[in-house]
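Keeping their order, the protein sequence lines are chains R and Z. In this text, residue positions in the first sequence follow the numbering used here: the first is 1, and each later residue adds one. In this text, residue positions in the second sequence follow the numbering used here: the first is 1001, and each later residue adds one.
Heads up, some of the hints might be wrong.
[As the list claims (entries may be wrong)] Rough simulated footprint, nothing fancy, chain R against chain Z, three-plus residues with beta-carbon under 8 Å:
1. 1043-1049
2. 1052-1059
3. 1062-1075
4. 1083-1090
5. 1104-1114
6. 1148-1156
[Stated by the list, open to error] Partial selection, computed: residues in chain Z whose CB lies under 8 Å from chain R:
7. 1039
8. 1159
9. 1160
[Unchecked claim] Derived list of chain R stretches under chain Z, where covered just means 3 residues or more per stretch with a C-beta under 8 Å from a C-beta of chain Z:
10. 11-20
11. 30-38
No wet-lab data here; the hints were simulated from the structure. We put the CB at the ideal spot given by N, CA and C, even for glycine.
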Amino acid sequence: MNINATLIAQAIMFGLFVWFCMRFVWPPITAALAARQKQIADGLASGERGRHELELAAKRSSEVLHEAKQRAAEIVAQAEKRGIAVIEEAKEQAKVEGNRIITGARAEIEQEVSRAKEQLRENVAKLAVAGAEQILRREVDAKAHADILASLKGGL
Amino acid sequence: MSSEAISSTEYIKHHLQNLTYGRLHDGTLGFAHTPEEAKEMGFWALNVDSFLVALVLGALFLFVFARVARSATTGVPSGLQNFVEWILEFIDTSVRGSFSARNPLVAPIALTLFAWIFLMNLMDLLPIDFIPLIAQAMGVHYFKVVPTTDPNVTFGMSIVVFGLILYYSLKVKGAGGFFAELAFQPLPKAAMPFNLVLEGVNLIAKPVSLALRLFGNMYAGEMIFILIALMGATWASASIGSAVMFGSQILLSLGWGIFHILIITLQAFIFMTLTVVYLDMAHQEHH
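Start from the sequences, fold in the hints, and give me the full structure.
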């Protein structure tokens, strides 16, 4: 328990240890600690950012989906409208066509009727002439009365 | 007990004697063989046991920490790195808590003090006769294994701390400011001599109390270990009484040892914290 030179030795040793600690121990470890702290903070921040981006993307995708649905509904409605229009148009066209056909048929019928009348007229005249010829064969020359017959035919 | 033949007084004395190397009575250099011889060596002698144990423990601490520092990764730390970082962060937090100025020297001082004193105190938990018996078998008379029970060791550290207190007081406050702090408070300037005595004692008390607190605690703890160890001395006679004594020695050293774990950590922590606080006071411009 005597105070002796151990005191000085201890003081020098302490000084050297502190110097060594300050030079080789403290700075690298605290640097590593600080770097890790920064890494963790960065990681957390980027995680937070990713989460935020995911949220945004989800929101955007739902928006896009919603818009697409709306568009599809619009298109369907438009198509239905167009379909109805097409049907209406076709009906209209069919009616017009039908009328045209009816008109044509009527004209043909009329024509047919007038032709039949003509034929009938001719046949009636022939029949009358043949009758008259039969009657007149005995009395009249057919050739002499041809012009009378012709004017008769015209007057029918 | 190191030997059956010696008395309790001799046993205690033997355990409290450092292995001192210096100039012997006849003028040659060598180890002191008795406490009286060690005393006669005067100041220029070296307590080889304190010195060697302190050196080995300090080197061990720095070796382990420097190895971790060299391979320190910012990724997932290994077990040892984790442990070292845990201690470092603990020191860093307490230094930040009590040291307000900026000085890159303070935290390494705190770490060195804490780890080194803790390891030196830890030697107290080694069985009390273990190292001395080995030393004796190797022909060494004395071996006090706990360096902090040697006042030379505690004063050696506190004197360095005192030097740093003076250095930073002068550097931060200037000679005038430091003198003013010592002379013009706590009483008005008129009472300067009184103030000087008061603050001077206050200043000197810092390193003295720092060293004596650590020394006193460890010395007393060591003393109690020695006294407990003495109980087993009666084991020589095989009787019920001696068996009870032997059993209580085991129980008591276990109990005191467990309690001592707290003391050695606490003393290392107190030495470190007070050093940081004193250095912080040295950096404060005014009170």
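Hint numbers the structure violates, sorted upward? none
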